[in-house]
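S.K.: Next come the chains, spelled out residue by residue.
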Amino acid sequence: MKYLLSLLLLCSGLAARADFIFDQFIAKAQSLPYEELRGLPLLNNGRIKPLESLAKETSIYLTGSYQFKGLHPIQLLLGLMISDDGENLQLIEVRSPELRKQLGLPTPESRRHYSLKELMSANLESLASALMEKQKVNKRSLTEVENKTIETYEQTWMFQQARNGALLLGAMEPAQAATDPAQTPQSSAVVDEFKLLMQALSTKDSVEYQKHAAELKQKLNAQNWPEPVRAQLSNIDRELFYQQYKPFRWACWIFFLFAFLMVFPKSNEWVFKTVPKTISATLLFIPLIFLALGFYIRVSITGFAPVTNMYGTMIWVALGVGFFGWIFYLIYRNGVFLALTYFGAFCLLLITEQMPLVISPDMDPIVAVLRSNFWLTIHVLTITISYAAFSIAMLLGNTMIIRDLLKRNNVEWIKTYGHFCYRTIQLGVFLLSIGIILGGVWADYSWGRFWGWDPKETWALIADLGFLILLHARLVGWVDLYRLLLLAPLSYLLVIMAWYGVNFILATGLHSYGFSSGGAQIVTVFVSVQLLLIFGSFFTRMLRAKKV
Amino acid sequence: MLKKIMKKMFYFMGSIKLAVPVLLILALVVAIGTVIESRYNAEYAKLLIYKNELFGALLCLIWLNVLFAALTRWPWKRYHLGFLITHLGLLLIFGGGFLTNNYGIDGMLRVVEGQSSKYVVLQSLVVSARSGTDSTAIEFEIPRYLFEKGESTFSTMNEGFKGLAVVRGYMPFADVKEVLKASASQETREPFEVQLRIKSAMFNVEQGLNSQTQNELQMGPALFRLLKASDLGRKPNSVEASVKDTGKASAKRTITAEPASGHALLNLKVGASEKHLDVKKAKDSTITIGNYKVKIKAVMSHAAVVNNGLRESPESKVNPALVVEITDGKETIKEVLFAKFPKFSVRKGKFSDLELSYSSAEVESSNDEVASHGTGAGANSESQSSAMEGSVSSSKPNGNEVRIYYSPTDSKRVLIQLWKAGKKAAEKYLAENETYQTPWMGMELTALKMSWNAEKEIQVTPTTPSEKMDQLPSSAVKVGRYDGAPSEDVWMPEGAERSFGIDGKEYFIYYGRKIIELPFAVELKSFSKIDYPGTRTPKEFESHVQVSGQFVPVTVSMNEPLHFKGYTLYQASYEPMPDGKFASVFSVNYDPGRPFKYAGGIVLALGIILLTLSKSRRMKEMGFRL
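Quick mapping for you: the protein sequence lines, in order, are chains A and B.
In this text, residue positions in the first sequence follow numbering that gives the first Met the number 0: the first is 0, and each later residue adds one.
In this text, residue positions in the second sequence follow numbering that gives the first Met the number 0: the first is 0, and each later residue adds one.
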């Protein structure tokens with residue numbers, strides 16, 4: 000009994016100690032100044048980026064959040080470096096619940112963050128290194144948990160790098176970083192300056208800090224960066240602006256605001272009557288300006304059309320959806336249609352904002368085969384803008400379905416919006432077909448074959464066929480406008496497969512640059528709800544027809 | 000009546016009633032194809048779906064449907080224009096695809112820097128047979144069947160091979176394994192092989208170590224090495240004592256620097272003339288061959304790179320090397336020859352018609368191996384270059400090592416020693432089926448089988464493709480002598496060659512990828528690769544090639560192919576070579592369907608534009624207001 004009691008005491012004591020260390024760390028890190036350091040130019044992952052970006056990427060990777068416990072990511076990085084008790088800090092996020100169970104990590108279930116010590120004593124290293132051997136033999140043979148195990152191990156590695164300063168110093172010393180990224184660089188002007196800065200931080204000497212921060216920035220700017228990336232120094236301020244003011248987030252919420260305003264017939268009518276056309280059109284264009292601005296900054300930083308990963312294409316589709324909606328509004332002055340498209344753009348942007356780990360927003364360099372701006376621009380932009388048209392068709396279809404389920408449909412509505420839907424599908428098929436042909440030409444030009452049944456091309460074709468069949472069926476009168484609206488969301492599932500599924504679920508083929516994982520649950524929920532809605536609408540309509 | 004049916008058929012073939020289900024089937028089938036590609040691999044999906052004859056028939060049906068759809072609209076009206084152009088575009092694209100598939104060439108060409116090649120490896124499989132004196136081979140293509148086939152499938156082929164060979168069977172998926180040849184004699188002749196089971200909390204594997212083909216193996220944190228001891232009873236680890244005694248170590252140097260016994264030959268070859276020079280007798284001597292004079296500058300038996308120079312280093316593993324000087328009267332260059340690494344060269348392709356190699360008895364059977372290893376671990380390793388990985392891996396400091404000693408005089412057991420950071424931790428003798436419970440993380444070692452005279456033989460057994468493999472298992476054909484009994488037939492996996500004699504003549508049979516010769520040779524002058532700074536992600540890579548018959552070298556890079564004589568060369572990938580050079584891999588392609596596909600693409604795009612525009616006009620005509 001006595002033994003048990005003392006054990007209990009010991010345990011609670013340990014837990015309390017961990018909490019204490021953690022709170023102490025947070026308090027200490029929160030007091031660290033960082034404003035002056037945001038724009039330090041650093042070389043990381045093949046490009047020069049501001050410390051702000053590097054810190055954000057590190058923070059999200061380690062902790063799963065940009066603002067871990069309210070810490071600015073730079074505070075987190077600096078705090079880790081001056082903390083004496085780093086290995087006891089519970090801030091490495093173990094993202095897989097199965098892995099947490101497998102490693103026998105301390106409960107409660109809801110806990111996601113663990114300290115380096117906890118992970119190391121849970122034998123993560125031996126587990127991961129065996130898996131990495133397996134990965135070397137056959138990359139594709141790993142299960143999801145196994146991949147997460149390696150990821151978690153890499154997180155611990157990154158944590159150690161961040162803690163011992165190798166991450167930052169390596170990014171400051173291009174010559175040494177190039178030869179061996181794992182080594183902490185030896186003494187140099189920049190490294191010495193950084194050490195002085197860290198000293199000033201730990202002694203809380205704000206005068207010294209200001210002085211060394213300014214000098215470090217100056218020395219980094221004068222640093223002998225390798226030739227291909229030197230020109231990127233001039234992008235630092237722009238990227239900092241992008242990171243600080245988040246144009247996409249602004250666009251996201253302005254879209255929502257306008258969608259909300261325009262969806263009510265009364266407010267819609269009021270705008271229609273009182274506000275002159277030019278003014279309303281200009282106002283409604285504002286979110287598109289924010290989007291275009293963010294897009295422009297990404298182009299100017301990477302030097303390429305930013306549609307090389309999921310994040311880029313989603314932003315581009317949001318831009319397309321919003322733009323199409325705006326044009327249609329100018330032509331037809333239809334507030335509901337505008338509200339719908341803006342709501343769609345809002346949803347897309349919200350997803351990109353909310354899931355940075357799945358849909359990575361970083362702007363890291365692209366693989367060699369994509370380095371053809373001409374083809375990248377015309378092929379990928381055309382294909383993805385067609386997704387925007389299909390998204391609008393899907394939104395129209397779903398609006399009809401919901402109205403139908405609420406018994407608020409009438410023939411007039413279906414006729415008007417059915418034709419909108421037909422036109423957008425036509426537009427989408429037109430763009431997607433052209434995009435596929437262009438893709439064939441690029442593939443022929445760079446791989447030597449026009450068509451090779453690669454999953455990405457195949458699914459683009461399937462999506463095209465899905466809508467093409469709808470158009471043909473409409474042409475011969477097999478489907479009326481109601482069925483067209485009903486089936487558009489069904490065909491849209493093919494677009495989701497081509498867009499998301501190939502990269503995230505099939506994850507195979509030559510278009511391997513955009514591959515990733517995650518988000519499967521959300522998409523599964525979306526697909527199931529969508530199917531339920533479609534069949535729900537179909538059957539209730541059948542039942543009602545029987546009653547009559 | 001018949002006319003009526005024909006007419007009905009004609010309209011049905013061009014109807015949308017046919018188009019919609021056929022397109023749905025196509026969508027479904029190719030969707031399944033992508034799932035197969037994800038679960039297995041692209042090759043399997045191609046075999047099962049895209050290269051399947053039924054799939055070809057489906058595409059034909061769609062082509063006819065598109066054609067008839069246009070024909071049944073006859074007489075064409077003006078508003079048919081968009082529709083007609085679209086369908087013409089589709090016909091052209093599909094037609095082009097058909098031409099590519101049937102008459103196109105798509106293969107891979109691999110060239111090493113400084114060399115040239117004109118041989119393209121294609122996807123298709125062939126069986127070829129030729130007699131030793133005749134260089135022209137009789138060749139037959141074999142489709143990659145998915146099912147087993149018997150002799151009847153190959154009757155035409157066997158007719159062609161008459162008098163040479165006979166193909167009696169086909170195995171779609173073969174598991175190709177090297178197995179120990181059953182030997183009747185109990186001689187303790189090398190090679191020696193021991194089959195081990197290594198078991199711990201983390202792994203449980205069975206692995207063989209063979210004194211000739213594989214004597215080292217990295218398993219998790221430990222390196223397993225099979226070493227020969229002249230006498231196990233004398234305990235080879237007794238050498239350990241000499242590690243600290245530098246006097247003894249240097250004494251050993253004087254012994255081992257001299258090749259102990261057997262031959263040590265420098266082999267030279269220019270064209271047809273060949274010379275061999277006994278290195279022991281000919282130190283500092285010069286030999287003349289062709290236009291060249293070759294002088295031996297240094298002879299080493301434990302060569303290692305120390306401080307960027309090649310030195311004799313007795314602490315290292317046996318690594319016989321020769322430094323020679325070659326001169327053709329105008330230019331003098333240095334060359335290093337390693338008996339263990341015959342491909343290594345420092346002359347950068349110079350004097351390429353002179354072939355040099357060094358063969359030393361030390362490599363084949365080194366009795367001194369044990370001693371040199373005993374002093375090996377923990378010593379010089381930092382400065383060794385990666386060009387000689389073989390000697391680097393053996394002397395990792397702080398590495399865990401499991402040494403397994405075998406001896407011809409004590410043939411029924413092995414001695415297992417555990418070494419940590421250059422120090423012996425524990426040891427135990429093991430006979431067959433005995434287990435050693437090591438003090439290391441609960442690791443358990445079992446000697447499953449020990450075999451002397453363990454020569455390998457290729458064994459082919461049927462298998463099925465498994466999921467998530469990068470490649471499909473190889474196929475195999477059963478080939479026999481023309482006049483031989485079926486029981487003497489041999490299964491040949493892809494890439495295999497076998498020879499046999501009939502009436503005193505030798506015949507060669509090859510099964511594998513079809514190889515064609517280009518009408519020109521491609522010489523890879525140089526290869527360059529630029530990584531993104533601080534990463535290992537290549538930003539761009541390009542090959543500078545010279546095509547025979549052309550004066551100016553050209554650069555081939557990603558997105559910048561080379562067109563020549565109807566062929567197109569694309570930069571596909573690259574391979575780093577052990578000597579620091581690169582091999583560039585080009586995708587070579589000859590595509591007679593290309594003009595049709597491009598024309599079709601343009602026509603189709605035009606048609607779609609017209610169609611989209613004309614539709615809207617018609618809608619307005621119908622009095623529709625949006």
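I should point out that these hints are in silico values taken from the structure, not numbers from a laboratory.
Mixed in with the good hints, there may be bad ones.
[Stated by the list, open to error] With a straight-line cut-off of 30 Å between C-alpha atoms, the simulated DSBU-like cross-links for lysine-lysine are:
id, chain 1, residue 1, chain 2, residue 2
1, B, K580, A, K138
2, B, K513, B, K176
3, A, K135, B, K467
4, A, K138, B, K198
5, B, K513, B, K580
A quick note: this is a predicted structure, and the numbers were derived from the prediction, not measured.
S.K.: Are any of the numbered hints broken by this structure? If so, which, sorted upward?
M.R.: Hints that this structure does not satisfy do not exist here, as all of them hold.
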